Amino acid sequence: MYSFAANWDWAVGAQFFTGAADGVYTPARIEVPAGQPVTLRFTRQDPSPCAEKVIFGDLGLSRDLPVGRPQELTFTPVKPGEFEFTCAMGMYRGRLVVRAA
Numbered sequence: 001m002y003s004f005a006a007n008w009d010w011a012v013g014a015q016f017f018t019g020a021a022d023g024v025y026t027p028a029r030i031e032v033p034a035g036q037p038v039t040l041r042f043t044r045q046d047p048s049p050c051a052e053k054v055i056f057g058d059l060g061l062s063r064d065l066p067v068g069r070p071q072e073l074t075f076t077p078v079k080p081g082e083f084e085f086t087c088a089m090g091m092y093r094g095r096l097v098v099r100a101a
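Counting in UniProt numbering, the sequence shown runs from 1 upward without gaps.
None of these hints come from the bench; they were simulated from the model. From a predicted model like this one, the values you see are computed outputs, not experimental measurements. Incorrect hints may appear among the rest.
What follows is a list of derived Cβ distance ranges for each label pair [what the hints assert, rightly or not]:
#	residue 1	residue 2	range
1	Thr26	Ala88	12 to 22 Å
2	Ala100	Pro47	37 to 47 Å
3	Thr39	Glu82	18 to 28 Å
4	Pro80	Pro47	28 to 38 Å
5	Val67	Ala101	28 to 38 Å
6	Glu52	Ala101	28 to 38 Å
7	Ala28	Ser62	33 to 43 Å
Once the Cα atoms are required to be at most 20 Å apart in a straight line, the calculated SDA-like pairs of lysine to any residue come out as [stated by the list, open to error]:
#	residue 1	residue 2
8	Lys53	Lys79
9	Lys53	Arg99
10	Lys53	Pro80
11	Lys79	Gln36
12	Lys53	Thr43
13	Lys53	Ala28
14	Lys53	Ala100
15	Lys53	Arg63
16	Lys53	Arg69
17	Lys53	Ile30
18	Lys53	Phe83
19	Lys79	Arg99
20	Lys79	Glu31
21	Lys79	Val97
22	Lys53	Arg29
23	Lys79	Val38
24	Lys53	Ala101
25	Lys79	Ala101
26	Lys79	Asp58
27	Lys79	Pro49
28	Lys79	Thr43
29	Lys79	Gly94
30	Lys53	Gly68
For each residue, glycine too, the CB sits at the ideal point set by N, CA and C.
Go ahead and model the full structure; you've got the sequences and the hints to work with.
Next up, the structure:
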């Protein structure tokens, strides 16, 4: 079991959701509508080097995650589809599902 521990929140339009990770990204699947701004907020708890960054490679997005300091990533997904997000070493994985509006 991996020990990536990070709390995170995300907001889509007027909706606000919360989640927590204990060992992996949780939730490992996030669904959002295309064409609406999305804000993901990460608070890293794991000091291991692998947890230093979250990367949304297919979207060209990433965010450094200093330990204990909330970091936000705001973007507007345009293209529907499924997009993987990972830690810096690619060990921890999740999926962003963008639905057609």
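Worksheet item: When you check the alpha-carbon spacing of Lys53 and Ala100, does it fall within 20 Å?
Response: Outside the cut-off at roughly 28 Å; violated.
Item to complete: May I ask you to test the hint 37 to 47 Å on the CB atoms belonging to Ala100 and Pro47?
Response: holds, 40 Å
Worksheet item: CA of Lys79 to CA of Arg99, is that 20 Å or under?
Response: It holds: about 8 Å lies between the C-alpha atoms, which stays within 20 Å.
Worksheet entry | 18 to 28 Å as the expected CB spacing between Glu82 and Thr39, which holds or is violated | holds, 20 Å
Worksheet item: Between Lys79 and Thr43, does the CA-CA distance stay at or below 20 Å?
Response: Distance of about 27 Å is beyond 20 Å: violated.
Worksheet item: Measuring from beta carbon to beta carbon, are Val67 and Ala101 in 28 to 38 Å?
Response: holds, 37 Å
Practice prompt. Assess, step by step, whether the Cα of Lys53 is no farther than 20 Å from the Cα of Thr43, and give holds or violated.
Written response: OK: Lys53 and Thr43 at ~11 Å, within 20 Å.
Item to complete: Decide if the proposed pair is consistent with the structure: Lys79 and Gly94, CA atoms, cutoff 20 Å inclusive.
Response: holds, 18 Å
Worksheet item: Does the structure keep Lys53 and Pro80 at a Cα separation of 20 Å or less?
Response: violated, 24 Å
Item to complete: Decide if the proposed pair is consistent with the structure: Lys53 and Phe83, CA atoms, cutoff 20 Å inclusive.
Response: holds, 17 Å
Discussion item. Given the hinted pair Lys79 and Asp58, is their Cα-Cα distance within 20 Å?
Written reply: holds, 11 Å
Item to complete: With a cut-off of 20 Å on the C-alpha distance, tell me whether Lys79 and Glu31 pass.
Response: holds, 13 Å
Taken one by one, the earlier hints fail for this structure at numbers 7, 8, 9, 10, 14, 24, 27, 28, listed in ascending order.
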